[in-house]
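Chain order of the listed sequences is A, B, C and D.
Using my numbering, the first residue of the first sequence is number 1, and each one after it goes up by one.
Using my numbering, the first residue of the second sequence is number 1, and each one after it goes up by one.
Using my numbering, the first residue of the third sequence is number 1, and each one after it goes up by one.
Using my numbering, the first residue of the fourth sequence is number 1, and each one after it goes up by one.
These are calculated hints, taken from the structure and not from any lab test.
All residues carry an ideal CB built from backbone N, CA and C; glycine is no exception.
Don't take each hint at face value.
Stated by the list, open to error - In silico EDC-like cross-links for lysine to aspartate or glutamate, where the CA-CA straight-line distance does not exceed 20 Å: (1) D:K92 x B:E88; (2) D:K92 x B:D135; (3) D:K138 x B:D64; (4) D:K204 x D:E250; (5) D:K138 x B:E88.
As the list claims (entries may be wrong) - Listing some non-contacts, in silico: residues in chain A with all C-beta distances to chain D over 10 Å: (6) T14; (7) R39; (8) E66; (9) E152; (10) I485.
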Amino acid sequence: MQLEALYVAQPALTAQAPILAIAVPLIGACAAALAPSGRAGWMISVVAAMVSAWMALAVAGEVMREGVILYQLGGFAPPAGIALRVDAMGALIALLIGAVGTLAAVFSGHSLAAEVRPEKHTLFQAGFLLAQAGMVGLVYTGDAFNAFVFLEVSSIGTYALVAAGERRDRRALPAAFNYLIMGTIGATFYVIGVGFLYGATGTLNMADMAARLGTLDQNAAVQAGFAFIVAGLGVKAAMFPLHGWLPGAYAHGPSLISLFLAATATKAAIYLMARFLFEVFPDGAAFGDMFLQWVLAPLGAAAVIVCSLQAVFARELRRMIAFSSVAQVGFIFLGFSLANASGLSAALFYMTAHGLMKAAMFMALGGLAISIGARRLEDFAGVAREAPWTAVAFGIGAASLVGTPLTMGFLAKWQIMEAALAGGRIWIFAVMAAGSVLTLVYVGRIIEVMFFREPAPGAPRAKESPVGVLVPLLILAGLSLWFGIDASLPQQLAQAGAASLFEVRP
Amino acid sequence: MSWIATHFNYVVVVILMMAGLFIVFSSGNLIKRMIGLALFQSSTALFYISFGKVSGGTAAITLDAQGAEGQALAAQLDPAYVAQFGVEGVVYSNPLPHVLILTAIVVGVATLAVGLAIAVRVRESYGTVESDEIDAVSRVAAEQAEPAP
Amino acid sequence: MNGGELLILLALTLPLFAAAMIYAVGRMPDVRETLTLVACIGLAIVAISIFVRVGQGDPPALTVAEPLPGLAIAFRVEPLGALFAVMASVLWGVNSLFSIGYMRGRREARQTRFYICFALAMFGVMGIAFAANLFTLFLFYEALTFVTYPLVTHAGTPAARRAGRVYLVTLVGASVLLFLPGIIGVQSMAGSTTFTPGGLLNGRVDAAAGSVLLLLLVFGAAKAALMPLHGWLPSAMVAPAPVSALLHAVAVVKAGVFAVLKVSAYIFGPDLISTLPAATWILWMAAGSIVIASLVALTKDDLKTRLAWSTVSQLAYVTSAAMLPMASGLVAGGLHMVFHAVAKITLFMCAGAIYVATGANRVSEIGGLGRRMPWVFVAFLAASFAIVGLPPMAAMWSKFLLITASFGSGEWFTAAALIASSLLSLVFLMPVAFRALFSPAGDGAGGEFVRPGGTPVTSLVALCVTAAACVVLFVAVEPLADYLAPIAAVSFMETAP
Amino acid sequence: MTAPVLEASFALNVALLLMLVVLAAAVVWTRSLLAAILLMSVYSLVSATWLMVMDAPDVAFTEAVVGAGISTIVALGAILLTRGEAVRVSWKRQVVPGLLAGLVGGLLIYAMSGLPDFGDPASPANSHVGRAYLETAKRDIGAPNVVTAVLGSYRGFDTLGETVVILAACIGVALMLGFGPRATLAPPAGAPGDHHVVLRVTAKMLVPLIILFALYVQFHGDLGAGGGFQAGVIAAVAIILHALVFGLRETTAAIPPQAARAVAALGVVVYAGVGIVCIVNGGGFLDYDHLLTPQIEAMIPAGLLGDPDKPHHWGQYFGILAIELGVLMTVSATMITIFYGFAGRTIDAIAAELRR
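When you get a sec, could you build the whole thing from the sequences and use the hints?
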């Protein structure tokens, strides 16, 4: 699939597309907050998310044609002004956010009705759109401090949105509180790190920072800046062992939020971390490589093994999938730790694949949650019979998670493993293989219960998801399949993004 | 100038950060943890502002160097210093960290409000704001949810 | 789209289409089974035309999709694959004929699902047979695992479910942990996984890396049931006899050894294999498998289990053939794959026929049955001859070539194992037929048939056809060997001693 | 060239920082949440004073109104609804947090040694972008207060994000606490407010004065310390004072919660709308120079905007004014919403929630 085929360029609009991808959901959020009814809020949400996704598509097309896009805000050239700087990598992640955001917005129509009190719907939609705008901003911005602002834009609302899951499961409240504490510490660490870098370079623009860091000797402040930024973003990205907030927040929050966060939030943070690792500290030589090899790779491996095992032994279905998310983040970091273009490209591809598959899985569970309020794995016995389409979509997501051939997840795992072999890291390769088997174990458990077990007598029966849920759900599942057969769209962007970062890093 | 004098501010910032982090990690009371978080966040303000200070500088509100205020300020400083580091005859402190910290303070109060609101809801739902008691309640609920063996 | 592409597409879609149609007419058993038979005949015709085309030096090829650069879902037929496809599609037809009688005779439940899964399994087999690269082969190889899982658990009993779990865990586990890493290794060393005459990796890897890859790929193809990854095969015998017949004698296990042969011939190539120490290790393990499995077969009273252990032993023949440091081994292996399939399917169908007629499934229960079911036991005897390797059975040739190749390459150990196993199979197979045919009166001889009329006619026809094929192929061995010769890049005259 | 470091202000700096350390220690120590909140309030005031010493009047102003003002109110509201004392934590449970905090602290101390000296005018931070603003602000923006110029124009996008963060907090609190059942309850008979005539009269006089002050802060922002944030909080304080004295019901009658929420959202719309107008006029987002198209400028009577031949920054001026208005709307309305949220929650509501 070629980008050009998807998007017919309109120069006037394309020039403004990066900012519109952020501003439209922002204004949409305000409009949703003012909406007279939940239904109106839902429609605003869908339209705004869709426009944002469309703009992200325009940006991606432009990036493929022109290379990196710079957009100066306020008409001031960086470093004085803030600029958006979109490369292929950012375009890809923003596209993921836009696509999942749009489908999630469509899905929200039914899921909110089931999970959140009616008078809160408009606010909920507003918060959701803010989160989307914040993440796109986080991905597009070329300014280190501006990234913090967008990190908070995307977070502050979501803390409350997670907590709004209390209507169904009151554990959402302490989970959200925990998320807030950890998230804020992470963001503050990030600010401290940016402070150090600002103190050392006198600039906040990431490109300028990179240029100036290149001329500096290694000093303690720069190293600390690096450490605090990585730790701070590590919290946001659920890097093992800073992932403690994630299982609770994903497991107990409302379906819409679990789905959206799982698909995008950690990705945006990981993306930002990648930019610092490979762009701002281009040849942080000894320091950067040492970090990648001796910190990031072991932590990634630990995440893969430990959290996959936790998922194997988890009793609640959503918790299982949440633990699986942490493990998958580990896979992505393993790709990063290879510190070469093919590893980074593979990791980026993996991020996209994981975003799509997790969104499908959480959305399917959300669709089921409309009819059964089940949490434990056993409660899902035999849902494939009652809700075949939903179950099939879940199954496709799960297949992609395992890395079944012909799904996107397979190509993602394939690429990282191939890159690991090419880089001579046999142990990373082995960890990936072991992690895949563990994934197979817990996914197998779920599939067995859902598809091959009889429902317990007297248990609440699941119903097929309504059309409003099924359509976005099947689109998500379909994307996981489509990109498993023709991966050129994400692959082009991932490769171009990785290549552009490694040009500066021979 | 000894190291402690040139880096005194930073040491204090670190102490305040540690105090804030310690409260967040050690306390089980949700409200107290929010207070600790606020302390932690505000210490970053001190951090940024500290390295934006310029010796002998004044607030970044443009002055007329020839005016009374400008003259008075210049009188306290070495003219060569003013010539090198001043802008049109006046030495200012760095405005950029101020702007950043304005943002950070606002983010801090937003976080505090949302965090406390969640804490209030926790109290309403669980009857307590102590983590240990919340955990105990959750555990009991989880055990009840399990079917009898 | 040229004719070759069309043929491959037909071979792949026909089983899928058949599965869909069978689902659609599932409520009308007669239509359903007619459809199956029509599909079998159609597929066999397609496979044979492909076979002929390959023989004429015009191998069909087709690229379906290329998810990533260098990673394509593509098909390209070579002699071994063409032979495999013909064998599988013809035997599918024969087996379907047998199934009709068996399934009706046993009044099995879920018959529609059974036929659908069978058709889907053929889809997997066709993909495996025609795959142009390891990745495509892997794809269909996995698909085959999953579509046959419902067949293994067909009975729905706890034992069947347990066997199904072992089946799935072993096969999928080996694929993910060994086969897939091996494929990725090949891709990363060679930049592609395309099957290349003479060996893709030949000249590109050193002995250490090559050995690791060889071990990964050979053991990863766990369907080949090389010890110690053989456990799933005997336990999968809980499945109904037609399933055992087609899948565990033809499609699944043959897909395993087929993969091993392909890997040996086209990924490593005979030259590279002969330099790899791992090839020798695998030879030893295969020799161990041959002897041990034959010994275990001796101890089994359950007829199908005994046959299953015999299969484990026979599969190791093919694996040995693939690992011999001599190109002619490959031809012998390819031939043995086919000849064994024909013989083994006959044996399983006989076992099924006995079971459906009398309910007996143990060797100790069949004394004297031969008088009442002469066709079945004559066929059984013929197939037993084939397994042992006696003339005038086709399998004699492949065994003979194999043994000479072993001697020729100095692998005395393998040769000894082959001879020992032949003698052992004489001991565990011959008494079955003899006991039924010549024992004056046995435990099973007196009573009535469980099913009035004994073995259904369709089943009887099926097993007689394959038994006859064992003999017919004895004559046709030379053209077949010549047909296969290109895979080893040698002519039959060189393979002959 | 060494700068005069040990001047009087440095001594003040040290003294104030030491006070902060003492206050922070007291916060760590105390178990009474009321005491902790009040100590934090004092902490904020002291740090506001310190910020003045650091030449950061805008930040000092904000810290005073936000830290000592609204944060304290919110925290007090929260402990009223929860509990006033934290459970004692055994020393064993403090070891790991202590070690963690120590680890971070140790890393920080090590790292701080790599930073330039305090007050160094030649440090990278003070010489690169920060200094560029001082040199160009007058030319580009025209506002005397460089902080406002940077805040509103150079880094106006940050400020938009910050306003959105405030809106997010508004949405978050409204989602969590709603608008307060108490707002609709009749006040209990003999509510204390009824008897304090002096209080009521004083409050009545104060409210308009505070609002007036807020407007001063708002419009004075580009000349001196102040701006939308500070003004917004101050304006909200006027409303909060009204609510404290006259009761929440009266206040919500005057400013309904829904209206407050709407204003908060509209504030962001105003801010982002300015950016969109700039785009429509052919510039980039938030490029205020494109706010006034030549056509619009031509419509304004000559001379009203000063001498047309002199370099002028009316676009920047109006732009900053407009976005500060947006900030004011969002901040004040959000603070009011947050206050309504906490104040509107009652023990009855708690009981009702528990029964549900």
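Verification of the hints:
1. D:K92 x B:E88: Measuring from Cα to Cα gives roughly 59 Å; hence the hint is violated.
2. D:K92 x B:D135: holds (19 Å)
3. D:K138 x B:D64: holds (12 Å)
4. D:K204 x D:E250: Judged against 20 Å, a Cα distance of about 13 Å means the pair holds.
5. D:K138 x B:E88: holds (11 Å)
6. T14: holds (13 Å)
7. R39: holds (18 Å)
8. E66: About 17 Å separates E66 of chain A from the closest Cβ of chain D, which puts it past 10 Å; holds.
9. E152: It is violated; E152 of chain A is separated from chain D by about 5 Å at its closest Cβ, not greater than 10 Å.
10. I485: holds (39 Å)
Against the hints set out earlier in the document, violations occur for numbers 1 and 9.
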